[in-house]
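Could you put together the complete structure from these sequences and hints?
Going by the working numbering, the sequence shown opens with residue 1, and the numbers climb by one from there.
Derived by calculation from the structure, the hints in this document are not laboratory data.
Where a beta carbon is used, it is the ideal one built from N, C-alpha and C, also for glycine.
Errors might be hidden in some of the hints.
[What the hints assert, rightly or not] What follows is a set of in silico ranges between Cβ atoms, one per label pair, in the way DEER data are often shown:
1) D459 with Q41: 53 to 61 Å
2) D265 with P150: 35 to 43 Å
3) G305 with S252: 40 to 48 Å
4) Q41 with H395: 24 to 32 Å
5) A233 with R277: 19 to 27 Å
6) K352 with D246: 43 to 51 Å
7) A44 with L391: 22 to 30 Å
8) K303 with E147: 35 to 43 Å
9) E151 with D246: 50 to 58 Å
10) K303 with P150: 39 to 47 Å
11) G305 with G433: 54 to 62 Å
[To be verified] Listed next, the in silico DSSO-like pairs over lysine-lysine satisfying Cα-Cα at most 30 Å (straight line):
12) K194 with K266
13) K216 with K293
14) K293 with K75
15) K376 with K352
16) K376 with K400
17) K352 with K60
18) K216 with K60
19) K470 with K453
20) K326 with K266
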Amino acid sequence: MNGPRPALWVVIGLLSLLLLGCGGRGRMPLPARQPEIDVDQLLARAASQHSGARPSLRFKDYNLIFVSFDALQAKHVGCLGYPRDVTPTLDAVARNGILFTKATSVASWTVPASMTWFTGVYPSEHRMTNKYAVYNAQEQKLANLKELSPELVTLADVLRQSGYATGGFTGNAGVSGGFGYEQGFDVYYQEAGKFGSLDQSIPEALRWIAENRNRKLFVFLHGYDVHGQNTPAAGFDYRFVEPGYDRRFTGSEQEQEALREEGLDKGFLTLRDADVRFWRAVYDEKIQRTDAKFRQFLVEYEKLGLLGSTLFVLTSDHGTEFYEHKRFDHGFSLYQEQLHVPLILWLPGRTKPVRIADRISSIDLMPTILDLLEVKPDEGVRRQLRGQSLLPAIHGAEVKRDVFAETDYREFTFARTIIDPDGWKLIRTMENGRRELFDLNTDPEEQHDLHEKEPGRADELERRLYAHFKSIGHDLNARRWERGFNPVYPSQGTNRSGSDR
1 MNGPRPALWV
11 VIGLLSLLLL
21 GCGGRGRMPL
31 PARQPEIDVD
41 QLLARAASQH
51 SGARPSLRFK
61 DYNLIFVSFD
71 ALQAKHVGCL
81 GYPRDVTPTL
91 DAVARNGILF
101 TKATSVASWT
111 VPASMTWFTG
121 VYPSEHRMTN
131 KYAVYNAQEQ
141 KLANLKELSP
151 ELVTLADVLR
161 QSGYATGGFT
171 GNAGVSGGFG
181 YEQGFDVYYQ
191 EAGKFGSLDQ
201 SIPEALRWIA
211 ENRNRKLFVF
221 LHGYDVHGQN
231 TPAAGFDYRF
241 VEPGYDRRFT
251 GSEQEQEALR
261 EEGLDKGFLT
271 LRDADVRFWR
281 AVYDEKIQRT
291 DAKFRQFLVE
301 YEKLGLLGST
311 LFVLTSDHGT
321 EFYEHKRFDH
331 GFSLYQEQLH
341 VPLILWLPGR
351 TKPVRIADRI
361 SSIDLMPTIL
371 DLLEVKPDEG
381 VRRQLRGQSL
391 LPAIHGAEVK
401 RDVFAETDYR
411 EFTFARTIID
421 PDGWKLIRTM
431 ENGRRELFDL
441 NTDPEEQHDL
451 HEKEPGRADE
461 LERRLYAHFK
471 SIGHDLNARR
481 WERGFNPVYP
491 SQGTNRSGSD
501 R
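Below, the structure is given as structure tokens:
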């Protein structure tokens, strides 16, 4: 539902925030950090509600709060190693929750990545891909899950059938209800303009939660606050920008869009180191502001008495690029700056801190959530799900399997990737046949392509990548593997128009 922009609510001051550490297994010790008083008190109160209970990993009838911080790059998060104090609230939650340090998104932009959360299938299966964001150009008809993949059941469908009240509160754009995200939701709020922020979605969510507090709740909370197409309502204060920067850029949405398009058109950008540091600085300001908004949400949510009976899922749909590979923004490649995302599961007072360093996929979220909430979907939904529950990993089991990602981005890029359990990664760019091989253990920034030095390893990973896409029913794509191609999915035609999210 669309509605008038609610009044902006006041967030707690940022200067009082002190850096926090994250939870961890003994095998991965974390540096000691000073606690942040307000958040620690909130966490302590949540824990006290269950002081006599045994830690558990089954949470039947718990509420679910699923929060997407759109375009949050994992390496800018404190509990994942970032030195600047921009995510104290997320760090505090991670220290008390379950942190996955190598979570990988299935796609590098919003529409396909987010739809996988809620369907448990890969983008090439649900077919919500950018190439077909508008699949009927003459009628300007949006691609919609119900029309492209009408047989798919969503997480909201399953939870609503299990007695949950379901509410989505989003920034619109790539999670627009017009794409089918509203499927299964009783209420689906989206900011009237594109790329809305938590300033709008949080008040709407809190109002709805208060009205339905006596029911089991599933809340999808989303904002574009750190996205390139969103800037603070009152402008930047440039708190992290180096003194003396000549302000070649100001950090505007228009500037970032221009940089994205130039990089797409030319294949690269030419920027000074000072410019890259500037863009990272304003990105960090947006992250810190967003973290404070989320902290205030927790404070208000606790007042409703629901904190101790809620499963929180905190993540991002994808990261973004800041010149790591000579371009800006996201969607057009499958490098780690766009695929590595934060992922924290938090059940206040009910779980011991865990830090999991095994590589997992965002496709695992739907089965994991259903497992934790003890919701048993029917056989059709179980057959639909491609991912695996992460409950065994939380209990200490090792996760050793390949993870996959893909992007179909306008007419520019059609790429697929595989990362094996040992950290070897192959990227196959489909339109030109290019192969890139990286060892993420020694080269996490993917600057040294090893496919010529390791042809056997590259061949083996490509064989597994090919087999994966063939196994999920897209033999059309697989048959064209040996030559450049632009994927065409059944019944979608060949229109290339669309918009970026």
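Now the hints, each set against the structure:
{"no.": "1", "hint": "D459 with Q41: 53 to 61 Å", "result": "56 Å, holds"}
{"no.": "2", "hint": "D265 with P150: 35 to 43 Å", "result": "37 Å, holds"}
{"no.": "3", "hint": "G305 with S252: 40 to 48 Å", "result": "42 Å, holds"}
{"no.": "4", "hint": "Q41 with H395: 24 to 32 Å", "result": "30 Å, holds"}
{"no.": "5", "hint": "A233 with R277: 19 to 27 Å", "result": "25 Å, holds"}
{"no.": "6", "hint": "K352 with D246: 43 to 51 Å", "result": "50 Å, holds"}
{"no.": "7", "hint": "A44 with L391: 22 to 30 Å", "result": "26 Å, holds"}
{"no.": "8", "hint": "K303 with E147: 35 to 43 Å", "result": "42 Å, holds"}
{"no.": "9", "hint": "E151 with D246: 50 to 58 Å", "result": "56 Å, holds"}
{"no.": "10", "hint": "K303 with P150: 39 to 47 Å", "result": "41 Å, holds"}
{"no.": "11", "hint": "G305 with G433: 54 to 62 Å", "result": "58 Å, holds"}
{"no.": "12", "hint": "K194 with K266", "result": "27 Å, holds"}
{"no.": "13", "hint": "K216 with K293", "result": "24 Å, holds"}
{"no.": "14", "hint": "K293 with K75", "result": "20 Å, holds"}
{"no.": "15", "hint": "K376 with K352", "result": "25 Å, holds"}
{"no.": "16", "hint": "K376 with K400", "result": "25 Å, holds"}
{"no.": "17", "hint": "K352 with K60", "result": "18 Å, holds"}
{"no.": "18", "hint": "K216 with K60", "result": "10 Å, holds"}
{"no.": "19", "hint": "K470 with K453", "result": "27 Å, holds"}
{"no.": "20", "hint": "K326 with K266", "result": "10 Å, holds"}
The structure is consistent with each of the numbered hints, conforming to all of them.
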